[in-house]
Structures are given as structure tokens and as C-alpha cells.
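Please put together the full structure from these sequences, using the hints given.
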Amino acid sequence: MFFDKKEQQVRQFMKRHVDRIKECLVLFEKTISLYLDGHAEEANVSSYNVHKKEHEADVVRREIIAKLADGAFLPFIREDFIDIVELIDEIANRAKTVTQTMVIQMPKIPQELHADIRMLTTRAVEAIEPLVQLMEGSLLDREKSMALIQEISAREQAADAIEFKLLKRLFQEIDITLAEKILISELLTLISEIADAVEDVGDRIQVLISKQAV
Amino acid sequence: MLALLKLFGGLFLGWGIGANNAGNMFGTAVGTGAVKYRTAVVCVAVFVLVGSILEGYKLYDGYKFDKSGEFKVSFTQAAVATTAGAASIMVQTYFGIPTSTTQNAIGGVMGISILSMGMAGISWTKLLYWLVSWIILPIASAAVSYAGVRGLGWVVQRTVKRVAVLNTIYKIGLLVFGCYGAYAMGANNVVVTTGPFYQAGFFGDPSRAHAIWAATLGGVAMAVGALTYGGNVIRTVGKDITALDPFSALIAVLTHSLVVHFFTQLAIPVSSSQAIVGAVAGVGLVRGVSTVNARKLWAIFSAWFLSPVVAALLAIGIALALGIR
Chain A
1 MFFDKKEQQV RQFMKRHVDR IKECLVLFEK TISLYLDGHA EEANVSSYNV HKKEHEADVV
61 RREIIAKLAD GAFLPFIRED FIDIVELIDE IANRAKTVTQ TMVIQMPKIP QELHADIRML
121 TTRAVEAIEP LVQLMEGSLL DREKSMALIQ EISAREQAAD AIEFKLLKRL FQEIDITLAE
181 KILISELLTL ISEIADAVED VGDRIQVLIS KQAV
Chain B
1001 MLALLKLFGG LFLGWGIGAN NAGNMFGTAV GTGAVKYRTA VVCVAVFVLV GSILEGYKLY
1061 DGYKFDKSGE FKVSFTQAAV ATTAGAASIM VQTYFGIPTS TTQNAIGGVM GISILSMGMA
1121 GISWTKLLYW LVSWIILPIA SAAVSYAGVR GLGWVVQRTV KRVAVLNTIY KIGLLVFGCY
1181 GAYAMGANNV VVTTGPFYQA GFFGDPSRAH AIWAATLGGV AMAVGALTYG GNVIRTVGKD
1241 ITALDPFSAL IAVLTHSLVV HFFTQLAIPV SSSQAIVGAV AGVGLVRGVS TVNARKLWAI
1301 FSAWFLSPVV AALLAIGIAL ALGIR
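If you read the sequences in order, they're chains A and B.
For the first sequence, this note's numbering assigns the number 214 to the last residue and increments by one with no breaks.
For the second sequence, this note's numbering assigns the number 1325 to the last residue and increments by one with no breaks.
I should point out that these hints are in silico values taken from the structure, not numbers from a laboratory.
Just so you know, even glycine gets a beta-carbon here, dropped at the ideal spot from N, CA and C.
Hints may contain errors.
Some but not every residue of chain B turned toward chain A, in silico, with C-beta under 8 Å [unchecked claim]:
id: 1; residue: 1066
id: 2; residue: 1162
id: 3; residue: 1172
id: 4; residue: 1176
id: 5; residue: 1246
So this is what it looks like as C-alpha cells:
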């Protein structure tokens, strides 16, 4: 429709943006998996791919901001869209931080933690699914959006629970040096923070939705 | 060209109305970013003219205050009446008194009528009727916009599920209602520009065709006012009112247009500015925001009473000074 051409474009770009973020997370999960499997060199290459994907998302983000600055959406919600896009971008930033930290520090991760770390990674990555659905069209439909935001929150909690269990095991049951424990614990926290970042987006979308009240 | 020069007072009033009132219907639309500034100015110019041509004639035959209904102003009297209206605006502006173009213009006609026919020849009932209408206008606007926000707010809340859809509704609504407002204002206010000249027979014997011709000329003056100076006012009003949320702004603009259009059907020229101030006050009541300050109230009161009185006295003064009766 003539009147919301710019808005349609913003929504298409936002969909593309979140797709790039999802692809970035898939690469992120692959990188962790490769590292845990002992393929340090492949993990290194994969980490670089995460970085590249994060950059691709950045490009789309800039296009969205330019469209918004060009007058898409009225100012009363334009700021919300800018904030949401920035927060979505933050998810990829965190994924990049995790993989970079890992391939730089190369912490020795005890075998008995591998399964749980893989699960934590999967849970953190899965948190993006409801967000992708939000961007695929449910965004801004009040009831559907609220349900999806709650789903994000539930997934974030699931990731949190695994992180807590892992940290407890790491410090209480695993027999490695404290320095190694600290390095691993930092990595676990960074992985879990990806789900936190997705939840931040959900919270911000809720603010936008509340503006439907007239 | 000489003919236009003779109409100067009236056309000047038209220019002032076009310039001053453009902000009333598009200030919020431009302020909220829904409508581009240029689009707004052009829309005001076009729809003011369309309103003048299509409905402006309705007020032309009733634009006089004699009891008999047979009094015919002279061309010079018409010129004095409109010039006095314009001069009155300048005097009050000089003293920093906010004023209404419409009500000053009408004051000029009242002054001439009083001078020509004496106190006994004036239809005081009609004068009172108009004055009461002016007082009712902002109050009615406030009531309508209050009900609008409550009523339409309830409907929108239940039917519009997406904030993006709401965004589009605001964009289209502010443009459409703004154009409607310009249309209503043009139809209602054009009479004060060329009305006295129409009464004086400048456009020929009173008839609908001649009234439409007179209204077209006045409409052009208002359109020119909007195009040349309207932009500045739009910007000022926009900043003034954007504290409102877009829905409230939308209802305020719609109310302004409906109320002004309503008074057009009663053939009473009213102030577009007072309609929007009243409408904004009404939505402010719903939101619990005080949108009316002492200055705005003073503006309304002075426009009710001071504007017509000063303009009437000036008209009488000018006429006496020039030896016109």
C-alpha cells in the first residue's frame, strides 16, 4: 500500500536482519561443537565465519536505521524500532565474543562437562526461534507477540538453569586448577548471555506493543 | 488589477486567515512527522480553495446585521469594514494581544452596520446569536473531542491489533482530517474576505453564482496566505501540540473540522483557532494533561469580546474620519 511503503521495507529488512542473526548463531553452535570435538583449527575457521556473519547482520542493521531515519513509522514508535534493531544486533555481537574468546584462550574443558555445554549452547541458540517467528509476521499482533515473548523468556530460563547447574558442577566436582575453572565459567556465562540478549529484545518489543493502547 | 486593489482589505484578511490557520489542521500532522511540511502547505492551499468554492457561498447572504434585511452597504463601506478588521488585528498584535482574524473581520462589518443604521437598525438578536455561537464553539469542541477519544479509543483498542496498522491509520488520518479541516475552514471563513463586497454588489446582484465567484476570489487569497506564510505557523503549532500522543492529535484535528463544518451549515463564521484549542483541551481532559494555559484562555476571551469591539470602533472611526456614513 502506498501509505506504508517505507514501513513494509523496514519490516522486510528486519526479517532479513534476524535471519542473518540466526545464521550467525547456527555457525556459533557449530564452532562450539567443533572445539569440543577437539578440532581446534576448524573451530578457528568457523569462528571467523561467525565474525563474517555478524558483519553481514551489521550491514542490514545500517540499512534499517537509514530507512527509519528516512521517516518510516511515526516518531512515537520509530525510537522503539531503532532500539529493537540495536538489541537484535547485540545477539550476534555476543556470539562473536564467545567464539573469539574461546579460540583465543583455548580453555581445556573436561570431558564430563561437554554434554551439558552442548546442551547449554543449543538452549541459548534456540531462544532465537520465537524471535524469528515474531519478525516473520507475528510482530505487532498483540496476542501472538505476547505469547512469543513469553516463549523467549521461558527458553532463557531454561538456558539459565543449565548454566547454574554447570557452574556448580564446575566449581564443586571438577578437579582442575582455579584459573582453568574461572576461564571456563566466564565462557559459560558468555554463552548463557546470548539467551539473555534475545530476552532483552522480547522485553523491548513488549514496550512497543504497549503503545497500541490509545 | 484595479478591482483587486479595491478589494485589498478583504483579500488581506483572506491572506491572514490562510497563513494563521494552516497550523490548526496540519500543525500536529507535521509535528508528529506524519505529513511532510510541503505536502501540508499545498493541501491547505488546495482544500481551503475547494471548501470556499463548494460551500463558502452558504454564508454570503447572511453576512450582515440589519434588522430589515434590506440594507445594502456601499462599496466604500465594505472596504472600510475589511480594512478596519485588518487594522484591528495589527493594533492588537502590536499590543501583544492574541486575536482572531475572523472575529476582527466581523467586528469591522458590525461597526459599519452600527454607524449606518444606528443602534435601533441592528439585529441584536443575530449579533447575540453569533456571539453565543463563538462562546459555544470551543466548549463544544472540547466536549466532542473528549467523547471522540473515549468512544473511538474504545473502538480502536478492540479492533486494531497491530501497532504498525495504527501507524498507518495515524498517517492517513492526519492527512485526510487535515485536508477536511482546511476544507471546512475555507468554507466557513471565506465570507469574511469578500462577503462585505458581495453585499455591496461588487460581484453583481446577490445570487448563488455571484457568491461562488466572490468565495473563489477569497479562497484564492486564503490559499496564497497558506502558501506564503502558512509554513511558519504550521511549524510553531506543531511543536506546541506534539506533547499529545498521535491518537489524541488525530481526534483533535477531526473535531476541529467537524465543528467548523457544523457552524458552516448554520451560516455562522467561527474561529478555526478556537475550535482547535477547545478540541485539544478536550483530549487533554481525557489524558489528564493540562493543555490550556492562561495565555490561551486570555486569547479566547479577548477574541470573543475585544476583537469585535476594537474592529467595530476602528471601522466607525475610519468611516467618520473619511466622512463616510
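Hints, one by one, checked against the model:
| no. | hint | result |
| --- | --- | --- |
| 1 | 1066 | violated (49 Å) |
| 2 | 1162 | holds (4 Å) |
| 3 | 1172 | holds (5 Å) |
| 4 | 1176 | violated (11 Å) |
| 5 | 1246 | holds (6 Å) |
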